[in-house]
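So the sequences go chain by chain: C, W, E and U. All letters in the first sequence, in the order written, are residues 1496 to 1780 by this note's numbering. All letters in the second sequence, in the order written, are residues 127 to 225 by this note's numbering. All letters in the third sequence, in the order written, are residues 4 to 577 by this note's numbering. All letters in the fourth sequence, in the order written, are residues 2 to 640 by this note's numbering.
Hints should not be assumed to be uniformly reliable.
Within a straight-line C-alpha distance of at most 25 Å, the following computed SDA-like cross-link-like pairs (lysine to any residue) qualify [to be verified]:
#1 E:Lys418 / E:Gly542
#2 E:Lys574 / U:Thr71
#3 E:Lys574 / E:Leu64
#4 E:Lys418 / U:Asp115
#5 E:Lys418 / E:Leu64
#6 C:Lys1525 / W:Phe209
#7 E:Lys574 / E:Thr242
#8 E:Lys418 / U:Leu116
#9 C:Lys1525 / W:Gly179
#10 E:Lys418 / U:Ile21
#11 C:Lys1525 / C:Leu1596
#12 C:Lys1525 / W:Ser214
#13 E:Lys418 / E:Leu550
#14 E:Lys574 / E:Leu550
#15 E:Lys574 / E:Asp311
#16 C:Lys1525 / C:Asp1581
#17 E:Lys418 / E:Arg109
#18 E:Lys574 / E:Arg109
#19 E:Lys574 / E:Gly456
#20 C:Lys1525 / C:Ser1582
#21 E:Lys574 / E:Glu114
#22 C:Lys1525 / C:Leu1515
#23 E:Lys574 / U:Asp74
#24 E:Lys574 / E:Leu59
#25 E:Lys418 / U:Ala25
#26 C:Lys1525 / C:Gln1590
#27 E:Lys574 / E:Trp66
#28 E:Lys418 / U:Arg31
#29 E:Lys418 / U:Arg120
#30 E:Lys574 / U:Gly215
#31 C:Lys1525 / W:Asp218
#32 C:Lys1525 / W:Ile206
#33 C:Lys1525 / W:Ala195
#34 E:Lys418 / E:Leu330
#35 E:Lys418 / U:Ala20
Simulated from the structure, these hints should not be mistaken for lab results.
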Amino acid sequence: MTASGGEAFLFWTLAPLMVLAASGLLVVRKAVHAAICVMFVMVGLAILYVAQEAPFLGVVQVVVYTGAVMMLFLFVLMLVGVDSADSLTETIRGQRWIGLLLGAGLAAVLLTVIGRATFRPAVGLADANAVSNPVALARVLFEHYVVAMQVVGVLLVTAALAALVLTHRRRLGPRLTQRAVATARVAALAQGRPLTPLPAPGVYAQNNAMDTPALGPDGRPLEHSVPRVLRIRGQERSATAVLAAEETLVEHRAAAAELSEAAELSETARTAGSPARTPGGEEHR
Amino acid sequence: MELTNYLGLAAILFAIGSATVLLRRNSIVVFMGIELMLNATNLVLVTFARMHGDITGQLLAFFVMVVAAAEVVVGLAIIITIFRARRSASVDDVNLLQS
Amino acid sequence: MNDGFIAPEIDWAVVAPVLVVLGAGVLGVLVEAFVPARARRVTQILLTLAALAGSLVAVVLLWPRVLRDGFAFIVDGTYLLTPFTLGVQAVVAVLAIPGVLVIADRTSSGEDAFAPTAAAVPGTAYEDAARQAGLQQTEIYPLVLFATGGMLLFPATDNLIVLFIALEVLSLPLYVLCATARRRRLLSQEAAFKYFLLGSFASALMLFGIALVYGFAGTVSLETVVLVLQHPELSPLGTMPGLVLTGVLLVLVGLLFKVGAAPFHTWTPDVYQGAPTPVTGFMAACTKAAAVGALVRVLFTLAAGFDDALRGDIVVALWVVAILTMLVGTVAGAVQTDVKRLLAYSSIAHAGFLVVGLVGFSELGARAVVFYLLAYGLATIGAFAVVTLVREQDASGVVLGEATRLAQWAGLGRKAPWLTAAFALFLLSMAGIPLTAGFLAKFGVFQAAVDAGAWPLAVLGVLASAVAVFFYVRVIVLMVLTPPADERAAPEAAGAAAPGAAGAAVRPVEGGGGTAAGVVTAARTAVARATVVVVGSRGPAALAIALCALGVLLVGLLPASVLDLAGEAAKFRP
Amino acid sequence: MQTLALAPWLVATPSLGAAILLLAGRRTDRWGHWVGVLASAATFVVGLVMLLDMFGMAPEERVAHHTVGTWVDAGALHVDLGFQIDPLSMTFVMLVTFVGTLIHVYSVAYMSHDLDRRRFFAYLNLFVAAMLLLVLADSYLVLFVGWEGVGLASFLLIGFWDHERVNAVAGKKAFVMNRVGDMGLLVAMMLMLATFGAVDFETVIGASAQGAPGASQAVMIAIGLMLLLAACGKSAQFPLQAWLGDAMAGPTPVSALIHAATMVTAGVYLLVRSGPVLEAAPDAQLVVAIVGAVTLLFGAIVGCAKDDIKKTLAASTMSQIGYMMLAAGLGPVGYAFAIFHLITHGFFKAGLFLGAGSVMHAMGDTVDMRRFGGLARLLPVTTITMGLGWLAILGVPPFSGFYSKDKIIEAAFMGEGWRPWVFGFAALLGAGITAYYMSRLFFMTFAGRRRWASDGPDAPHPHEAPALMVWPMIVLAVGSAGLGFALNVGDGFVHWLEPVVGHTEHHEPVLPVWLLIALTLVLVVLGAALAFRQYAMSAVPTTPPHAHALVRAARVDLHQDDVNEALVMRPGQYLTRALVYSDRTAVDAGWLGLAGGIGRFGDRLRRLQSGYVRQYAAQTLGGLAVIAVVVWLLSGQVG
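Can you make the complete structure from the sequences, with help from the hints?
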C-alpha cells in the first residue's frame, strides 16, 4: 500500500532526522545530549504515529515517553552529574568493531526480513477507527485485554515498590523541630558555640572568596567561617596572608601613584589599608 | 510511499539502540538505547496494525509503553543505587563479578 | 457510546492460582503501610506462605477440571490453562514454598540474608544506624509474591503480549531482589544491574520478535498464529515465513535468556553469585520452571502449525542451543572455584538438558520437562539453602558472610554431617545418580530426544552429564574426604590467634606502625584467618532443606505417582 | 518356587543393616560391626534357602520372576521393580553373600583399631546390597540402580581412609572412570528403549534371541559396544583399567570384596546376561573377545612389574577378568566357563587378598614385597592358605583354577579361521605369565631370606593374625582347593547354568584337548620354576628395579643360565616395563589429557565471563547471530 504524498513528505523529512538523532546516541559525549537526541526521536515517532492513524498513541508517546520517562532520565542525569562527559575511547579490545558489526548485521537481517513485508494492499484503519481511535482502543482493551491490563497494574505497583526499596531512606532519628534546634543552640552557647548561624566566608573582608575568613564586628577574622573541608585540607587563606596580599596590591598601586602624584598622597593610602591589620592576625597560626 | 519504509526506519532505530547497548559506557545512555529499541518496536507494531487494519497492534504498543515506564523506574533506581555506592555511572566499572 | 461493548465474563476460579498470589502481593504492600514495624516481618512471611499454599490448593482444585476439559481459559485465552500449564504452575508453587522458607530464615546469627535497608549506601554510617535501629527490608516478601505471580502467569497464556508482560512482572521484582543482599552488597547491586541491563536487552529483542509474529499473522494469539501458519491466506502477510521464523527466533532469545541457556546465559554466573543466596535459589528454581513452561507453551503450540522447513529451522536452532549450553555448563563448571558459581554453571548445564528434551515438540518431552523441573528445582533450592548456612567467622566469633570459596568447604562433613549429607544428596541428584530424582529426570529428557530421533543429542547429553559428575563429585570429595583448611593450618593459626583473643583490639607487636595501621592489619588478618562455621537455621531453612531432601529421595525412590502426575500434565495444547 | 517371595529380602537385609548402622550413629559403635556381619550372614541364609528350593525343581522351571511393584510407569517407559531368580543370579547371590560374609568376619578383626569401623561395615553392607540388586534385577534399569550403587559404595570404601589424599583421589578416580562406563549402559538402555520399547530382560533378550526383528545391525552393534563400554568401566578392562590399581589404597578387605565377589564381576555378569544381545551383533561380540584377550595379557605383564603385593594382586584380577571377558566374547560356548572361572576366582582371589591383608597385618602395613621374605615359618597358616590360592590361580590340578581356566583355554581354541589361534595362544601365554608373577609374589613373600629389619624401634614382629582373620582365610582356602573339582563333577555347573545360557553342543578345539592341557601345564611349571629360581633361590634386592636389573644381570652372569636370561628374562623385563610405562603415560595421560583439555577449555570459556556487561550483551547478540547463521546454512530459509 502506498501512503499519500503528504505522508511521504512527512516521512522523508522526519526519518533521516530521526536516524541522525538516534545515531547521536552512539557518538555524543554528554549524556544530556544523548537524552535530547532520544527525545527528538520520540517526538518524531509521535508524529509518525499520528500520521499512521494512531492519534491516541501519538499523544501518549508525547505525554508518557517524552514527558515522563525522558524527564525521569534527565532527573537521574542531574543526580549523577549533568556535566559528566563520557570518554568515547574504547577500553575493551575489539568491542567497538564487534558492536558495530553486530548492530549492522542486526539492521541488515531485520531490513531483509521486513523489507518484503508488503505483498497485498494494507487494510488501513479507517474502519477500526470509525468510533474514534481512543474509543476503539478502549474497546479492545476492556473486551480482550482485561487480564493484561490488570497485570500491568501489578507491574506499576512493583515499579513503585522497587523505587522505594532501592532509593528511599527512612528517617532513623527523631525529626528535628525548630524548637529543638533552638534549645540545642542555646545549650551549646555555654561551650562557646555561636548562637547564630556561622558567618559566611568573605563577609566584610576585602575579598569575598570561599577561602577567605569573614571579619567579625571587631575586625578580627573568623576562621570558622571558612568551610571545614578547606580548613582540613589547609587550603584556607589566613587573614594575615590576605592582608599581606592586600598590602602588596596597595603597594603596587602606590608605586604607580608615586610616579604621577606626590609622596604625601601615597602615605595616606598606606594608613587607609592599616585598620585591617590586627594584632591577633599574626599569632593565630 | 510504501508502508514498508516505516518498518525499515524501525529496523534501523532498533539496530542503533542495540549497538548503543554494546558500545556506550554510560549506563544511562545504555539504558536509553534499550528505550530506543522498545520505541522502534512500537513503530513496527503501529505499522503492522495499519497493514492489517487491526487496532490491536496499537494496543500492544500502548502496553509496551506502560511496561517500559515501569522498567525505567526500576532501572533508574538500580542505576542510582549503584551510583551512590560507587560514584560512577559507567557500565565498565561494574565488573567485580567475573571469573 | 456503550453500544457494541461487551463486558467480558471472567471465571475467577480459573485465575485463582495467579490471583491469590498477586492479590496477596498487593496486600503485602498495604501491610508495609499499615502494620507496625515489629509485626511486619511475621505478617509478611505468613501472608506469603499462605498465598503460595493457597495458590497450590487452587491448582489442585483446578486439576480435575482442566484434566477433564483439556483446557480452561478466560478472556480470549489471554489467560489459558492446559494440563501442562497447570503442571508448571504446580511446580512453581511447590518450589516457591521452600524458596520462601529459605528467604525467611534468620539463622542462629540472628540476621537474614537481606540488608536492613537496601537504599543505604554500603559501608556508611547510615547503614550502621539502620542496622542498629533494627530496620528490616520486609518489602522483599511482596516482591517475591509479585515475581511468583509473574512466573505463574508466564506459561499460562495464549497471548504473546501477555507473555511479555508476565515476563516483566516476574523479572522486575527479581532485579530488585538481587540488589538487597546484607553482605557484599556492592556485588549484589552489580548483579542486579547486570541482570537488569541484559534482561531488558533480551526482552527488547523478544518484543521485536513478537512484533514480527504479529506482522506475520495479524494477531498475537498463539492458536490463531497456528491457524495462519496452516492457512497462510488468512493474513495479508501470511505468505512470509521469514517473518515468523525471525520472530520466533527472537522470542526464543527472550525465553532462553530466562532459562539460562547458552549463548544467552552470560548473566547467570554473575547474577547467581552476586544475588542474596536465598533469592538465587528461588530464582534458579522457579524462574527456570516458569521460563521452560513458557518455552514449551510457545514452541510446542507453534510447532503444530510449522511446515517441515520451518520446523527444521527451529529444531536446528534448538540443537545449537542445547549443544552449546551443555558444553558451557559442564566444561566451565569444571573449573569453578566458587560454590555459587559452580551451582550457576550446573544450572546452565541443566538448561541444556531441558532443551534436549524439547526438540521433539512431543507430549513425551513435555512430561519429561515437568518432571525434570521438579527434580532440578528441589535439588537447587536445597543446595542454595545449604550455602546460606555455611559462613565465615572472624577471630572474635562474629559470623560474617557466606563462605562460598570451594576451598572453604573442605572437611564440612565433620562440622555438619547432616547438612553435608543433604548437600551431597542434592549434588548426586543433579549428577543424575539413580534412586535420586535427577536420574529419572535426565533419563526422561534423553528418552524424549531419542524418541524424536535426536539420538546424537541424547548421547551428547549423557556424555555431558558424565563429565558433569566430575565436578559434583569433586565437591563431595572435598566436603567428605578432605580435612578442613583451618585444621590443616591449625598449628600456625593457633600460634597467631592466642594473643588475639580480644579480637579487634590486637595491638601490633611491632608497635612502631601506629595504631591505625595496626588495626587495619589486625582486621586484614582477621579476614584472612576467617574460619568456616556452619550456623544453625532458625527452622525455616532447615525445614526447606529437609523438604527438598525428602522430595529428592521420594521422587527418586517412588517416582510412580509423580510421573503419573507429570504424565497427566503432558498435554500442552487445548 | 515357594521361596520366591524371599527374593526382596536378599536386597533388603543388607540395606537394613547399612541403614541401622548409618542412622543409629555413634551409639552402635561398640557392637555395630556385628550387625553388619549378621545382616550379611542372614542374607546368605536366605539365599541358601532359595538355592535349596531351586535344586528341588526341574531345570526348566528354575527361571522365575518376582515382581514387587511398578517402579516407573510413564507412557513408553514401564519398569517393574522385579527380581529375576534363575541359576545365574542365584550363583552370584551365593558367591556374593558367602564370600562377602567371610570378608565381613575378617574385617571385624582387621578393622578393630579403626575408629570408624561402624561406618566401614555400613558401607560393606551397602556394597553387598547394591551388588545383589545388580544381579537380581530383571531389567536393565533396576540393574543400573545396583550398578551405580556398587560404584557409589566402592567410592566410599576406596576412599575410606580419607585422611590420606591419595585415597581420596583414588576413590574419585574409580568413581569417575566408572561413570564413563555407566554412560555406556545408559546409552545402551536408551537405544533399547528406542528399538524394543522396553528395558526389561525378557523383552530385550527375548527379541535379541530371535535375531532382533526390526532392529538394524548398526543399532545392535551400538547396543553391544555400549554394553561392553559399561562392562569395561566396572570390570577394569582395557582401556578403562586405570582405576583398579589405584583403588588398592582402600582397606584390604575392600580390595578382596571388590576383586573377588563384587564390582569387577559385574561387567562379566552384564555381558553373560546380555549374551543374546551380543550374539545378535557378532562384530560387537568379537570386540568383547579382543578386549578380553588384550586385558588378560596386559594385566599379566603389568603384574610382573609390581613390587606392591596388593597391586600385583590387582593386576592379576585385571588379567583373570580378562579371561572371563574373553570367554564371554566367545559366545554361548564360553558363558558357562566365564561364570565358572568367576566363581573359583572369587574364592581364590578373596583368599589371596585376605592373606595379603594378613601379611600386611603382620608386617606393620608394609606392602612392598621387597621388604618381605622368609615369612613361611612365622606365618604358617597364612602361608598354607595363600599357597592353596596360589596353586589355584596357577591352574595346577586338582585345584579349582585348573578346572575353570583350562576350560576357557580350551574354549578359546575353538572356532574357525584366525580366531582360535590368536585367542587360544593369548590365553595360553597368559597362563604362563600368570604362573610367573604369582609365583614371584608367593616366593618373594614367604620364601628366601627375610629382608626386613629384625631389630630397631619400627621393626615388625611378624605374628599370625587373630582367629577372626584366620578362619575366613581357611574357609576360602578350602574353597580354592576343592570348589573347582566339586563343581566340575559331571559338568554339574555347566548343566546348572543351562536354563539361562542355553545348551551348546560341544565343539572340538583346533588342537587336541590333551595337548592343550599339557601345554598349559608346561608353561605354568616353566613360569613357576623361573620365579622360583629368581626369587626363592637367589637373593632379592631391596632396591628399586632399575638398579635391580643391572645388579641381577651381573650376578646372574656368574652362575645362572645366560641363555635363559637373554631370551626370556630381559625381553620380558623390557616388555613389562614398556607396558607399565605405556599404562602410566599413554592411558593415564590420555585420561589426564582429557581432564586437562576440559580444564583448559573451561579456562578459555571462563575468560569470556569477563564481568563486562557490554561484552555479555555482545555475546548474547553474537550468539543469536551464530544461531541464525547455522539455521541459514542448514536450510537456506532465512529471509
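Against the structure, the hints:
1. E:Lys418 / E:Gly542: 19 Å, holds
2. E:Lys574 / U:Thr71: Status holds; Cα separation ~23 Å.
3. E:Lys574 / E:Leu64: With Cα atoms ~18 Å apart, Lys574 of chain E and Leu64 of chain E stay inside 25 Å; holds.
4. E:Lys418 / U:Asp115: With a Cα-Cα distance of about 20 Å, the restraint between Lys418 of chain E and Asp115 of chain U holds, given a limit of 25 Å.
5. E:Lys418 / E:Leu64: Violated. Lys418 of chain E to Leu64 of chain E sits at ~44 Å, over the 25 Å cutoff.
6. C:Lys1525 / W:Phe209: Since the Cα atoms of Lys1525 of chain C and Phe209 of chain W sit roughly 17 Å apart, the hinted pair holds (cutoff 25 Å).
7. E:Lys574 / E:Thr242: Violated - the C-alpha atoms of Thr242 of chain E and Lys574 of chain E are around 29 Å apart, more than 25 Å.
8. E:Lys418 / U:Leu116: 17 Å, holds
9. C:Lys1525 / W:Gly179: 42 Å, violated
10. E:Lys418 / U:Ile21: Roughly 22 Å between the alpha carbons, so the hint for Lys418 of chain E and Ile21 of chain U holds.
11. C:Lys1525 / C:Leu1596: The given pair, whose Cα atoms are some 24 Å apart, holds under the 25 Å limit.
12. C:Lys1525 / W:Ser214: 15 Å, holds
13. E:Lys418 / E:Leu550: 22 Å, holds
14. E:Lys574 / E:Leu550: Answer violated: Lys574 of chain E to Leu550 of chain E is near 28 Å, above 25 Å.
15. E:Lys574 / E:Asp311: 22 Å, holds
16. C:Lys1525 / C:Asp1581: Answer holds: Lys1525 of chain C to Asp1581 of chain C is near 6 Å, not above 25 Å.
17. E:Lys418 / E:Arg109: 20 Å, holds
18. E:Lys574 / E:Arg109: Cα-Cα ~41 Å, so violated.
19. E:Lys574 / E:Gly456: Holds, at roughly 21 Å.
20. C:Lys1525 / C:Ser1582: 9 Å, holds
21. E:Lys574 / E:Glu114: Roughly 45 Å separates the two Cα atoms, so the pair is violated.
22. C:Lys1525 / C:Leu1515: Measuring from Cα to Cα gives roughly 16 Å; hence the hint holds.
23. E:Lys574 / U:Asp74: 17 Å, holds
24. E:Lys574 / E:Leu59: 20 Å, holds
25. E:Lys418 / U:Ala25: 18 Å, holds
26. C:Lys1525 / C:Gln1590: The given pair, whose Cα atoms are some 20 Å apart, holds under the 25 Å limit.
27. E:Lys574 / E:Trp66: 13 Å, holds
28. E:Lys418 / U:Arg31: 23 Å, holds
29. E:Lys418 / U:Arg120: Holds, at about 17 Å.
30. E:Lys574 / U:Gly215: 30 Å, violated
31. C:Lys1525 / W:Asp218: Judged against 25 Å, a Cα distance of about 17 Å means the pair holds.
32. C:Lys1525 / W:Ile206: 18 Å, holds
33. C:Lys1525 / W:Ala195: 23 Å, holds
34. E:Lys418 / E:Leu330: Distance ~35 Å between Lys418 of chain E and Leu330 of chain E Cα, so the pair is violated.
35. E:Lys418 / U:Ala20: 22 Å, holds
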